[in-house]
Amino acid sequence: MSKTIEEQISSLLSEIKSAASYYDRESLFGKLANLLNEPTTPTELLHEVALENLGMGVNYRIAEASQVSQETLSVLCRNAEHRWEWRSLSHAYKAALTPSVDYSAIFKNKEVEVKDSAEFVLNISVELTAILWQELASLELITFFYQQDTDDGDHFGPEDFELEHTAAEYLLSPGYFVDWVTRDEYIDAEYVSDRLEDEWGSWDAAIDKIGALEHGASVGHLEPIAANVFGDIFHEIGSVGGMEAQFIVTDIEPDLEAIQMNLKNSNYSGLSNSVKHEIVVHVINTIEHPFLGGFKISQHLLKLLLMHPATPEESKALISLVSSQLD
Amino acid sequence: MKEKIATSDLTKRVAELWEQAVDEELANSSEVTFDAFLGAQYSMAFLAGQCTITEQGIEVVEIALDELQQLIDDNVESDDEDEEDE
Numbered sequence: 001m002s003k004t005i006e007e008q009i010s011s012l013l014s015e016i017k018s019a020a021s022y023y024d025r026e027s028l029f030g031k032l033a034n035l036l037n038e039p040t041t042p043t044e045l046l047h048e049v050a051l052e053n054l055g056m057g058v059n060y061r062i063a064e065a066s067q068v069s070q071e072t073l074s075v076l077c078r079n080a081e082h083r084w085e086w087r088s089l090s091h092a093y094k095a096a097l098t099p100s101v102d103y104s105a106i107f108k109n110k111e112v113e114v115k116d117s118a119e120f121v122l123n124i125s126v127e128l129t130a131i132l133w134q135e136l137a138s139l140e141l142i143t144f145f146y147q148q149d150t151d152d153g154d155h156f157g158p159e160d161f162e163l164e165h166t167a168a169e170y171l172l173s174p175g176y177f178v179d180w181v182t183r184d185e186y187i188d189a190e191y192v193s194d195r196l197e198d199e200w201g202s203w204d205a206a207i208d209k210i211g212a213l214e215h216g217a218s219v220g221h222l223e224p225i226a227a228n229v230f231g232d233i234f235h236e237i238g239s240v241g242g243m244e245a246q247f248i249v250t251d252i253e254p255d256l257e258a259i260q261m262n263l264k265n266s267n268y269s270g271l272s273n274s275v276k277h278e279i280v281v282h283v284i285n286t287i288e289h290p291f292l293g294g295f296k297i298s299q300h301l302l303k304l305l306l307m308h309p310a311t312p313e314e315s316k317a318l319i320s321l322v323s324s325q326l327d
Numbered sequence: 001m002k003e004k005i006a007t008s009d010l011t012k013r014v015a016e017l018w019e020q021a022v023d024e025e026l027a028n029s030s031e032v033t034f035d036a037f038l039g040a041q042y043s044m045a046f047l048a049g050q051c052t053i054t055e056q057g058i059e060v061v062e063i064a065l066d067e068l069q070q071l072i073d074d075n076v077e078s079d080d081e082d083e084e085d086e
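Residue numbers (this note's numbering), protein chains in the order written: chain A, 1 to 327; chain B, 1 to 86.
Same shape as in the complex, but just chain B (with noise of 0.2 Å):
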């Protein structure tokens, strides 16, 4: 149960990261790897209820988690700089 609940909120955090990635137009194969495409897809998927995610599978979802929350990171600093430049 509790890996189950662990699951859900992982996979729930993954697909948030990647709609933020999408809204800012970073999900795109020159800013994501695979990986974390795939981890995002199985995220999305597995909150519909259409596919079950394996051991081996939530690997690539925490990579997924690391790489996106990662990503979006970069983009608000960046952001930022680009405010205290102007």
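Same shape as in the complex, but just chain A (with noise of 0.2 Å):
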């Protein structure tokens, strides 16, 4: 007679607990987290399993699953360090915080009727997010940081919010190629001339020579280097490789015409003060919400609301009650 789901699964735990090796441990996970998988696997033990905070391998696929308890997802929240995490975090909140209403409505001024702050937030975070960022950018009042990341996915957001590397960039930024910012890219020559002596050889021809010009200049070899001649170098190197993307530096600018256009469509600025002040309180509502609140995705949009000119001081007020809260 073959074992139940539930025996399976207690069997793979009491093996996790006595295995000697990691790698006998991680062969082990694999197996657990495909049951906790599987549709019958019954609500209560994915809860019990969370609780044992076994890892991120184990952790995404309990967040995967379709019975999943919204109990259980605020566990998986408290303990989530890791995007693959996050990611199957948000899929699962916001299918479980699927709206009936059309949410983004409210950018275009248009009343919609808000039955929870948590799917409110949940589903207008992305967008406001971006709406916030460009009004922000084009009052100068932020600037934005990006950093090609290979292994991890690109970075980018507004600089000055501790914001690089969290599950609420990862969660909120709306990537790298927004149309609404331009990039301007090139090799960081002082970096490559300083690790050139040990690692020549070992990067794209391009990036060799251009790390020689640098160290030529530095030292007295060479004339000093025209502006041009990097970035002309640059250009010969035809796709840049994971290695060689440790060396590129983009600085970003925000397009302001394209932000003009963008912002026609949806914008916060343009909204009445009383629904600005209901985007606020929603926001305040999510401020312990494991999901929004655990992940500072909440607290991130309300220092943008807050240093925003067109909210109104009645809402800023409200905000600064609760300003302990968004660190």
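If you're looking for bench data, these hints aren't it; they were derived computationally from the structure.
Don't take each hint at face value.
Said to hold, decoys possible - Label pairs and their calculated CB-CB ranges:
{"id": "1", "chain 1": "B", "residue 1": "E24", "chain 2": "A", "residue 2": "Y191", "range": "46 to 56 Å"}
{"id": "2", "chain 1": "B", "residue 1": "Q56", "chain 2": "A", "residue 2": "D251", "range": "26 to 36 Å"}
{"id": "3", "chain 1": "B", "residue 1": "E24", "chain 2": "A", "residue 2": "L256", "range": "46 to 56 Å"}
As the list claims (entries may be wrong) - Partner residues are not named here, just some residues of chain B that face chain A (Cβ under 8 Å, in silico):
{"id": "4", "residue": "N28"}
{"id": "5", "residue": "Y42"}
{"id": "6", "residue": "A45"}
{"id": "7", "residue": "Q50"}
{"id": "8", "residue": "T54"}
{"id": "9", "residue": "Q56"}
{"id": "10", "residue": "G57"}
{"id": "11", "residue": "V60"}
We put the beta carbon where it would ideally sit given N, CA and C, even for glycine.
Combine the two chains into a complex, taking the hints into account.
Take a look at the structure:
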């Protein structure tokens, strides 16, 4: 007689606890993760395993299970440290909090009936972020960072918010290829030059050349290099591989013309004060939500709303009351 | 004018030797010194109009010329010996 799914999971958990090596445990985690993803696995059992916090490989599969409860998702949020977990939790909450109305209509100054603050904020958070970033950038109140990352995905967002490499950045950033920024890519010649003596020959030929020219100019073998030369050599590199990406610096500037066009369709500044206040109230209501508050999504939105000149004073006063919870 | 022609000839020769070393898979840090690598890079960039080499830099290019010439010659001799052994 074959074992029930509960028995199989219980047996795997015992084996995991007594497994001697890392490799044995990893193999058992994989088997456990597959069982947890089965639609017949009871919701309570998912919760029990989530409480064990067996690591990213198991936790993100629990979040993917269609029968997972919000109580379990809350446990998973507390333990999530990897982008796979953030992503699976984002999908899980979007499935659990599917809106019955199109909340993004609010940015076109249309009335929407909000049933639940978390549902509302979750479903407008990415769009609201993109709108606020654009509006604040066009007012020269924020500048942007960009970092190419072939392992974990590119990083893009406003500077001075401690957003880089966080769950909030991963979940809120509209991504590098937005149409409202201009990008200027170049190679960090000084950094290449510093590593040249030990590592030349292991990179793309154009990077070797840039390093040699920077080095030559710095030690007096060459006259100072003209400003356009590095740009020309950079274009000799047809594609930037994983290893070379470490040398690429990308300066990001807001494209004010494109921003102006985008904000004609959807914006925050033009909303009525009562709608703006309603948005602020709902975001404040989610500060303690395990996903929206736990990953500091709500906190980032409130910081942006607080510094926005179009946010009504009454709403700013309300945000100030929770300022100690924003960091 | 004389010096400019000399630099042009020198860098052309070093660039050719470097190309040959690349073709023969010798252009790596276990076969070539850092100075020879630099001299070759300066030469190629000079010929592409991307830099001006100073007197000090010319000395590095001359080191590259001697070293790369020796490397290619040694490699030819080694190939000849291999053929004789066969």
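Evaluation of the provided hints:
At about 31 Å, the beta-carbon gap between E24/B and Y191/A misses the expected band of 46 to 56 Å. Taking the beta carbon of each, Q56/B and D251/A are about 33 Å apart, inside 26 to 36 Å as hinted. At roughly 54 Å, the beta carbons of E24/B and L256/A sit within the given window of 46 to 56 Å. With 8 Å as the threshold, the beta carbon of N28/B comes within range of chain A, its nearest partner Cβ sitting at about 5 Å, so the hint holds.
Restraint check, Y42/B versus chain A: the minimum CB separation of about 6 Å is within 8 Å; hint holds. Hint on A45/B holds. Least Cβ distance to chain A is approximately 6 Å, under the 8 Å limit. For the restraint placing Q50/B at the interface with chain A, the shortest Cβ-Cβ distance is roughly 5 Å, inside the 8 Å limit, so the hint holds. With a least beta-carbon distance of about 6 Å to chain A, the hint placing T54/B at the interface is held under the 8 Å criterion.
Annotation: interface hint on Q56/B holds; nearest CB of chain A at approximately 5 Å, less than 8 Å. The beta carbon of G57/B is positioned within 8 Å of a beta carbon in chain A (closest approach about 3 Å), and the interface hint is therefore held. Because the beta carbon of V60/B sits about 6 Å from the nearest beta carbon in chain A, less than 8 Å, this interface hint is met.
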